[in-house]
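Chemist: The lines below spell out each chain.
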Amino acid sequence: MRLSRTVFLFSRFLAQNIKIKLEYKADFIIMLFSGSVLQLLGVMFLGVLYSRIPPIQGWTMWEIVLILASIFFTEGVVSFAFEGMWRIVRLINLGDMDRFLLRPVSPILQILTYDIGAHGIGNMITGVILCVIALSRTEILWTWDRILYLPVLIVSAAAIRTAISFAANCSGFWLTSFYNAFPLMVHQMADFAKYPTTLFTEPIQFFITVVLPYAFIGYIPAVYLFHKQPWGAAAWLAPLVAVWCVLIARAVFYRGLRRYDSPGN
Amino acid sequence: MNVIETKGLCKSFRSPLKKPGVLGAVRHLFRPEHREIVAVTEVDLAIAAGESVAYVGPNGAGKSTTIKMLTGILLPTGGEVRVNGLHPYHQRMRNSKNIGVVFGQRTQLWWDIPVIESFTLLRDIYEVPEKTYAENLAYFTGMLGLAELLHQSARRLSLGQRMRCDLAVALMHNPAIVFLDEPTIGLDVAVKERIREFLKTVNRERGVTIMLTSHDLGDIEDVCRRLIIIDAGRIIYDGSIQGLLDRYVKQRSIRIIASARIDQPSAARAMPAGVEIVHADEREMTVEFDRFRYTAKDVLEIIMTAAEVVDFQLEEPDIERVVKNVYEGRLELEQGA
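Heads up: the protein sequence lines correspond to chains S and A, in order.
Every position in the first sequence, counted from 1, becomes a number in our numbering once 716 is added.
Every position in the second sequence, counted from 1, becomes a number in our numbering once 1 is added.
Heads up, some of the hints might be wrong.
Reference listing, derived: stretches of chain A covered by chain S, where coverage requires no fewer than 3 residues with Cβ under 8 angstroms from a Cβ of chain S [said to hold, decoys possible]:
| id | stretch |
| --- | --- |
| 1 | 61–73 |
| 2 | 86–99 |
| 3 | 109–118 |
| 4 | 124–135 |
Keep in mind that the hints were calculated from the coordinates and are not lab data.
Glycine included, every Cβ here is placed at the ideal spot set by N, Cα and C.
Based on the provided sequences and hints, a complete structural model is requested.
Modeler: As structure tokens, then:
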């Protein structure tokens, strides 16, 4: 599909979903707040933790809050725009995927935009607020390449997260149970990205850098932005990692789709 | 030109074979066993542009599976398939622009938004030019009576109203072929009539090729000129409706009313082989005969030797009986001819 058409249809679907969500106002507002409250609890916990212990491996609390903030923000973007991927298992088991396959639009786009997550807005807001606070309490030497890196990071991180969760949800093509816990487990592993990767043992480091490259959405960019290590420039690999993840997720989806047996009727 | 063409089309599913109970489920986890279920096998189809075809068979015969392969939902496990010259699965997006699909059990409409907004979304999805869209909308609104429905959300529509909207959706982008899987299921007679009328009109006026599956013989006789019967995944008949009757319905029957009491034993003796009394009353009798061996006149003359006929009625062979026999697995296809 042409990019302009993809963007156009994405915005059409998004607008439609927002309109639908706004019809159930109470639901919408509750979802919006639940997102923020959950994330703020996480930060408060971190605050308690740090008030008892000295900086971890040279990372101050506010530096870690900045990593958290950027993760909250991209998580918010992803769940707001692409919440539909969490419905794949349902779509497969009820045969509702049929409808998507009958239209001249990529089924992946249709799945991603099948729903929006109102809690994503809460996450985005929390992310921005924490980011502003954290930036005022940390020292970053802003060079031009670091400024340029910010939009690259946001887009790449969102793509990496979307691709990994999407691929994990595609497990529904193989595991035909309604209660498939695998996608959620994969999603939760992003928690590793919230702390300096060097805290963990080597197998885990390898795992979150190579297998599920969550390190590229939080820790590695932070190393770069704070000038922590000479290898920090590796953060510029994030877009490549993102493309790699997207290609794999796409392949997994089309592989799974061959198994789709369109139940019902 | 054939718009639908398949050769040796097959589809089988792999279904997990689990023993009952928790133990069976655990065992399946470690040593999964599967069973091949053949849904469609060796299906050859050749449907020309502008045809209207009924695809008929009992539940589980493979009707929906075939339709799903032709529309690009399912990947065939064997054989060749071309729809408008395209492979429906591998060229799915291009194929979907040329086809319209109605599944009686599912809707293309968005559940929570007014119908008209679903229409405009689909207009954008199919890239229908504004002028074509306006013309089609006016045409379908008139023919299907959609005016009051357009501003309601799909969830508030009755089944019949929803189906009318879905028909409009399926044809909004001027597809060359429209596939309908049970389009009249669960609908009342008036709505059925309206839908059949609509399908006939778009087939005649716009040259849209129609392929429909239905359990409703009215749909088949009224809308379609060609009948394809599938049973247990295999095509067992492909031809005209009249041809089916000629080939598979041997019996015709005649019902007479006599002026006096009929002497049954002597009447029975008078019937030659191939003519049989199937119902007899004091002054009434129904006789079934092999229509390839006897004409109605022959049979009437024989009856008149045994009874004083004052009135008679000839019952024509009907499609209903044939298809019912297929559904009940009782059609003796080979012997019929």
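Chemist: Each hint: holds or not?
Modeler: Here is how each hint holds up against the structure:
no.	hint	in the structure
1	61–73	holds (count 4)
2	86–99	holds (count 5)
3	109–118	holds (count 5)
4	124–135	holds (count 4)
Violation of the numbered hints given earlier is absent; every hint is satisfied by the structure.
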